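Each protein sequence line maps, in turn, to chains A, B and C.
Okay, so the first sequence: first residue is 1 according to this note's numbering, each after it adds one.
Okay, so the second sequence: first residue is 246 according to this note's numbering, each after it adds one.
Okay, so the third sequence: first residue is 491 according to this note's numbering, each after it adds one.
Be a bit skeptical, because a hint or two may be false.
What follows is a list of derived Cβ distance ranges for each label pair [claimed, not checked]:
hint: 1; chain 1: C; residue 1: SER711; chain 2: B; residue 2: GLU480; range: 55 to 61 angstroms
hint: 2; chain 1: C; residue 1: GLY722; chain 2: B; residue 2: LYS450; range: 55 to 61 angstroms
hint: 3; chain 1: C; residue 1: LYS620; chain 2: B; residue 2: SER464; range: 52 to 58 angstroms
hint: 4; chain 1: C; residue 1: ILE682; chain 2: B; residue 2: GLU277; range: 53 to 59 angstroms
hint: 5; chain 1: C; residue 1: ILE504; chain 2: A; residue 2: ILE207; range: 22 to 28 angstroms
hint: 6; chain 1: A; residue 1: GLU235; chain 2: C; residue 2: ASN539; range: 21 to 27 angstroms
hint: 7; chain 1: C; residue 1: HIS720; chain 2: B; residue 2: LYS472; range: 51 to 57 angstroms
hint: 8; chain 1: B; residue 1: PRO250; chain 2: C; residue 2: VAL728; range: 37 to 43 angstroms
hint: 9; chain 1: C; residue 1: ASP707; chain 2: B; residue 2: LYS450; range: 28 to 34 angstroms
Listed next, the in silico BS3-like pairs over lysine-lysine satisfying Cα-Cα at most 25 angstroms (straight line) [stated by the list, open to error]:
hint: 10; chain 1: B; residue 1: LYS463; chain 2: A; residue 2: LYS128
hint: 11; chain 1: C; residue 1: LYS696; chain 2: B; residue 2: LYS435
hint: 12; chain 1: C; residue 1: LYS510; chain 2: A; residue 2: LYS205
hint: 13; chain 1: B; residue 1: LYS459; chain 2: A; residue 2: LYS190
hint: 14; chain 1: B; residue 1: LYS450; chain 2: A; residue 2: LYS190
hint: 15; chain 1: B; residue 1: LYS337; chain 2: B; residue 2: LYS373
hint: 16; chain 1: C; residue 1: LYS680; chain 2: A; residue 2: LYS212
hint: 17; chain 1: A; residue 1: LYS190; chain 2: B; residue 2: LYS451
hint: 18; chain 1: C; residue 1: LYS502; chain 2: B; residue 2: LYS435
hint: 19; chain 1: C; residue 1: LYS510; chain 2: C; residue 2: LYS587
hint: 20; chain 1: C; residue 1: LYS696; chain 2: A; residue 2: LYS218
hint: 21; chain 1: C; residue 1: LYS696; chain 2: B; residue 2: LYS450
hint: 22; chain 1: A; residue 1: LYS128; chain 2: B; residue 2: LYS459
hint: 23; chain 1: C; residue 1: LYS704; chain 2: B; residue 2: LYS373
hint: 24; chain 1: C; residue 1: LYS587; chain 2: B; residue 2: LYS435
hint: 25; chain 1: C; residue 1: LYS695; chain 2: B; residue 2: LYS435
hint: 26; chain 1: A; residue 1: LYS214; chain 2: C; residue 2: LYS587
hint: 27; chain 1: A; residue 1: LYS20; chain 2: C; residue 2: LYS502
hint: 28; chain 1: A; residue 1: LYS190; chain 2: A; residue 2: LYS97
hint: 29; chain 1: B; residue 1: LYS451; chain 2: C; residue 2: LYS695
hint: 30; chain 1: A; residue 1: LYS212; chain 2: A; residue 2: LYS227
hint: 31; chain 1: A; residue 1: LYS205; chain 2: B; residue 2: LYS337
hint: 32; chain 1: B; residue 1: LYS257; chain 2: C; residue 2: LYS510
hint: 33; chain 1: A; residue 1: LYS205; chain 2: C; residue 2: LYS695
hint: 34; chain 1: A; residue 1: LYS190; chain 2: B; residue 2: LYS457
hint: 35; chain 1: A; residue 1: LYS239; chain 2: A; residue 2: LYS206
In silico contact screen, one side only, chain B against chain A (beta carbon under 7 angstroms); selected entries [what the hints assert, rightly or not]:
hint: 36; residue: TYR269
hint: 37; residue: THR348
hint: 38; residue: SER454
hint: 39; residue: ILE458
hint: 40; residue: ALA467
Please keep in mind that the hints were generated in silico from the structure rather than gathered at the bench.
Predicted model only: the values in this text are computed from it and were never measured.
Ideal Cβ positions, reconstructed from N, Cα and C, are used throughout, including at glycine.
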Amino acid sequence: MSIHPTAIVSNKAIVGANVKIGAYTIIYDNVEIAENTVIEAFCEIGVSNHLSGGEILYIGSNSHIRSHSIFYEGSVFLESLVTGHRVTVREKIKAGKNLQIGTLSDLQGHCEIGDYVRFHSNVHIGQKSKIGNYVWIFPYVVLTNDPHPPSDTLLGVTVKDFAVIATMSVILPGAIISRGCLVGAHSSIKGITEEDMIYAGSPAKKICSTAKIKLHDKSGSAYPWRKHFHRGYPEELVKQWMSEL
Amino acid sequence: MSIHPTAIVSNKAIVGANVKIGAYTIIYDNVEIAENTVIEAFCEIGVSNHLSGGEILYIGSNSHIRSHSIFYEGSVFLESLVTGHRVTVREKIKAGKNLQIGTLSDLQGHCEIGDYVRFHSNVHIGQKSKIGNYVWIFPYVVLTNDPHPPSDTLLGVTVKDFAVIATMSVILPGAIISRGCLVGAHSSIKGITEEDMIYAGSPAKKICSTAKIKLHDKSGSAYPWRKHFHRGYPEELVKQWMSEL
Amino acid sequence: MSIHPTAIVSNKAIVGANVKIGAYTIIYDNVEIAENTVIEAFCEIGVSNHLSGGEILYIGSNSHIRSHSIFYEGSVFLESLVTGHRVTVREKIKAGKNLQIGTLSDLQGHCEIGDYVRFHSNVHIGQKSKIGNYVWIFPYVVLTNDPHPPSDTLLGVTVKDFAVIATMSVILPGAIISRGCLVGAHSSIKGITEEDMIYAGSPAKKICSTAKIKLHDKSGSAYPWRKHFHRGYPEELVKQWMSEL
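Isolated chain A (complex conformation):
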């Protein structure tokens, strides 16, 4: 364990073996940080909130939280969470393993996230979102939830396994982005999409099957992306993806 002398760590916090805590970082009471995790400088971990129901913040082992990040109490992140800088992560999130949260992303809490999900920079995840496994969400995408703002009606967005949402798209309340779909950049989309199709425009229209997009070097189809893009995924998983028809 290595705690910078300027860090302020509650003696109620549970801090695992070999955890590293950076300069000026504050760890509050209601927190468990599992072994081998790095928390960089200027973070606040376990901010208290009346909406958290007093539940702890759990950060799984081998995680890496970059500087200036803020996590509230009352969420669970399994092993190997990685964040960029200045992420804001609220209460009541239940996230799987190997989640990546890019710089400046803002997770509003009260949502579910699967395994191996990637949020690039500056992604906004509204409350009540349900995100599957192996999902990619690119910069400046917003997942909304209020069908007639302002109101107390929250219709979260669902994003299913292997779906990809490109830069600066708005996913409207209650939309379901189906397995393997691609939402093109600068789109707005509502309703239920069909699997493995491309949607683009504002309002978005169905364009064609994702299989029609060729790789830039013409060496084959660009989708499903799991057939050619494997960075950061475990060998076993890649083997399984490659053996699918």
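Fit chains B and C to the given chain A structure using the hints.
Chains B and C alone, transformed into the frame defined by chain A:
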């Protein structure tokens, strides 16, 4: 008064009774913070700027500024200001009471804001904006001001009482969003709008009266929103709203 | 030299004459900061990264980095860099002089930037971007790079001298924004543009010559902007611009 031992507070700053100042926060000289206000950790309050004309920053009573926020000198916020994290608030803002500024929002200064205004996360308010009372602005909305960038011509946006601007819309220079209007998500809009109408698209078109939008549970009309949405408003005000025809 | 007592400055860092370093700021090992530069509070300068190849971060003389900013090692910024607050600047950037980077902007590294470039607030510059001289990029613009995300193919965007990209536009992978072009607000654009033309819409279309846009006060043409907008440029340069046909 409760000042964290790591906070750096100028002895020229005026700090009211029962104010709480968090760890590592810096309060500069030219600041008045009224009673019962909370300033969380890692903030900078009263940043000096040659554009502020040497005027103080005034933060009204019962306010709550969340961590990592930056306020310049030369602005006035009446009672019960509430901010999210990492807001950036520049000089020469004159704001009413009960303003809410969401996480990551960026107020460029030189603007007027009424009472009970809500900015959600990541809202950008350009200089020369004039915002009325009870306005709602949702994530990633930008209020622009330069009709032919770059230039020294600043035509601020006007947003009138009860108007709502949905996620990721751009309000073009000099636009007037009239009382009770709804600008749909992912729109860009210019010119003068009619009261209580919906505008959507890029470029935005007039769609219909807001009264035509039904609540999700079909229990009535979703607009004017003040007829059904009352969270955070005082009883007296709600009573008045409900008694209007 | 003026280093705040709470700043943490590596004794391996090279810090020039008359440099000022603010409260709680961290300067890492692999950094050179030239004379007369100001680094404000809560910054991290020279964050180590395996992608930087061990190269230093060089910040030129007379620069001003505002608070809560993060710079990685392995980039070079010539004299008179100015930033807003909470900018995030990654490795392998080669930037000219008098660069301005607005609050919340996120430079992903591995890119080239000319002289006198202005990024307004919340600009996202993807890897492999090539930006010329005297370019203006306005809030919430994203320069992308992946033609079929996610993938390892990076086709950076090129933005040539005097080009202007207005608020909340997405520049698609491999696009070339030619000299003097104006991309209108809330546009998405791909391919190669013609010089001194306006493009707008999503997908963007060629509208007309920029010369057709009049100044708001009808005193002449608004473009090329260098004929009337001179704030922050040296006299010699302005003289040259005014003498061009």
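Is the straight-line distance between the alpha-carbon of B/LYS451 and that of C/LYS695 25 angstroms or less?
holds (23 angstroms)
Given the hinted pair A/LYS205 and C/LYS695, is their alpha-carbon gap at most 25 angstroms?
Satisfied, since the Cα-Cα distance of roughly 19 angstroms is no more than 25 angstroms.
Taking only the CA atoms, is the gap from A/LYS190 to B/LYS457 under or equal to 25 angstroms?
holds (19 angstroms)
Is it true that the CA of C/LYS587 sits at most 25 angstroms from the CA of B/LYS435?
violated (36 angstroms)
Against the 25 angstroms threshold, does the CA-CA distance of A/LYS20 and C/LYS502 hold or violate the hint?
holds (22 angstroms)
Under the criterion that the straight-line Cα-Cα distance not exceed 25 angstroms, is the pair C/LYS695, B/LYS435 satisfied?
This hinted pair holds, its Cα atoms lying about 19 angstroms apart.
B/ALA467 was flagged as interface toward chain A. Is the shortest Cβ-Cβ separation under 7 angstroms?
holds (4 angstroms)
Are C/LYS704 and B/LYS373 close enough, with their CA atoms no more than 25 angstroms apart?
holds (21 angstroms)
Mind checking the alpha carbons of A/LYS212 and A/LYS227 for me, to see if they're no more than 25 angstroms apart?
Distance of about 14 angstroms is within 25 angstroms: holds.
Could one say that the CB atoms of C/LYS620 and B/SER464 fall in the range 52 to 58 angstroms?
55 angstroms Cβ-Cβ, so the 52 to 58 angstroms window holds.
Between B/LYS337 and B/LYS373, is the straight-line Cα distance small enough, at 25 angstroms or below?
holds (10 angstroms)
With a cut-off of 25 angstroms on the C-alpha distance, tell me whether B/LYS257 and C/LYS510 pass.
Within the cut-off at roughly 22 angstroms; holds.
Checked against the numbered hints listed earlier, the structure breaks hints 2, 5, 8, 12, 18, 20, 24, 26, 28, 31, 35 and 38; every other hint is satisfied.
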